[in-house]
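A.B. asks: Produce the entire structure from the sequences given, and follow the hints as far as they go.
Chains as they are written, first to last, in the numbering used here: chain Y, 969 to 1303; chain P, 24 to 206.
If you're looking for bench data, these hints aren't it; they were derived computationally from the structure. Wrong hints could be hidden among the right ones.
As the list claims (entries may be wrong) - Simulated crosslink set (EDC-like; lysine to aspartate or glutamate; CA at most 20 Å straight-line):
| id | chain 1 | residue 1 | chain 2 | residue 2 |
| --- | --- | --- | --- | --- |
| 1 | Y | K996 | Y | E1069 |
| 2 | Y | K996 | P | E82 |
| 3 | Y | K1283 | Y | D1258 |
| 4 | Y | K996 | P | D83 |
| 5 | Y | K996 | Y | D1181 |
These figures come from a predicted structure and were not determined experimentally.
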Amino acid sequence: MRASCCLWAALLSSSLTSCGPYAELAQKLDVGLVIVGGETWIAEIGSEVRVLVLGQPDPVSGVSAFAFTASSLPIAAGVSVWATQGTWTGSASDPTMTLRERYLYRLDDERGTPLLNRRGATRQDVNRALTFGQARGSGQLVLTGDASIAGTYVLLPEALATLGTSSPADAACAFHLANLAVLSSQVRIIAFGSAGMTQYETPATFRGTLTGDVRVSVHGSPSVTTDITYSSFADFGGVRIDGTQTTHVNAGGNGYMSGTVTLALQPQASPAPPEIDGSISYGPGGGGGDSIQISSGSPTGGNYVVTLTGGGAAKISPVAAPSPTVASCLGLPLQ
Amino acid sequence: MPLGGWRQDLALGLHSTTFWSHAGNQYTFHSLSLGYMNSWGRNGPFLHTTGLLPLQGREDGRVYALGPYYRLRYGGDVLTGYQWRWRAWESVEAEAGAGLHVLFIVLKGITGYRDFSASPLGLGTDMALRWRTGRSLGTWPVTVGLYGSTALDVYDPIHGNDLRHGFTFQAGAQLGLNPRGKP
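C.D. replies: Written out as structure tokens, the structure is:
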């Protein structure tokens, strides 16, 4: 039924309309903030990995931007992401820090929702101020306050220095960190994960929070191919991805992934450790092999094939729990 | 002009639709409409089809001229069902009908802006008045008239039935070329 409805829509209007719940009127696709410099903090609370980027004051306006992303990772592929961006006040020595949220992004777990009913990634304009108690020391930032953001954070680029490059576990860790960047990008791609992705028959580009961009392009009907191309894309300090991830699905949202995304992890420590380079293969061009399998729009099988230049390699199932966890990889405090 | 036979008119008017999503958002669109209207017999079927050029949109109080945001904007409105026709005055006939209503609005965003579409389905009613002008084009008498329609929309399967409910209104003037028929 779901497939026939979408097929009907496809036949009725081909590239003329898009399925799924009503869109926001006159909505600009990319309004994401770009942060120059600043600090990237990471924490894991339960199975949710939180990344907080605190920008330096803008030399002109004096305003400091922030970006926060929380990825729920009960499985390696991730099931939901939410993010918020805005401005922050409070220096490192202040006892409090205030985040003024301007945009709220959500990509909920809609695996149980029929494809046509999924909202996918959404953005909402908000005006909310959250004040946190903060304490810094020993490379940690402890935020107390709103439970959705609070936690004990560690500087991500420094934590990257604990990673190796030669073992399967090292490869798995590199994947999980690069995948955080992928998830962080997806939550800002309006309609990502829904039938509304047909929007991108007219390709669109979204800027990375720190550097680069991601371009989204959809073609074909009723079977659809989606290319998501990262170019020097970095939402977090120390994690950069490049390359194209392609998803091929039919009208029912069933299909496979292909393409390769390269990753570069840049630890900061003294002495400066070498960059960790590698790649994530989502599958060969025609599917088959370890291609990530997609059912009803969600990954259900196959493997991410991760290879590091230091020799580490791993196959990671999208539906298995992350092993090791991000907290284990980076030595984050258990929370 | 006899009441029997078929009628065909070109119509030019204004079209407004407002509807609510299940998330509680209200959308309103005002469009120019150009239509073709057809009906058969004193009592019989009718089909009114209208092409739309959406001009203004509104979401939860925010009003947008659509031109700056959408590179392509169009829509269609179809109302089909059963109609009754009667003589209202000496040279004026009236027609009223009810039936199924299908509406679609498609807005393709300019680069960097999101597309919008809606395709509500429901039930509608239609009313028209025709004046015989006394002029003919060939052997076909020319009529002028006014029309109006309303609809209640309740279902939008293409959009995951995100439609809670909606209303559509349409009114304008029409010009008809109607064959001579039996009374």
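A.B. asks: Of all the hints numbered above, which does this structure not satisfy? Sort the numbers upward.
C.D. replies: Of the numbered hints, all hold.
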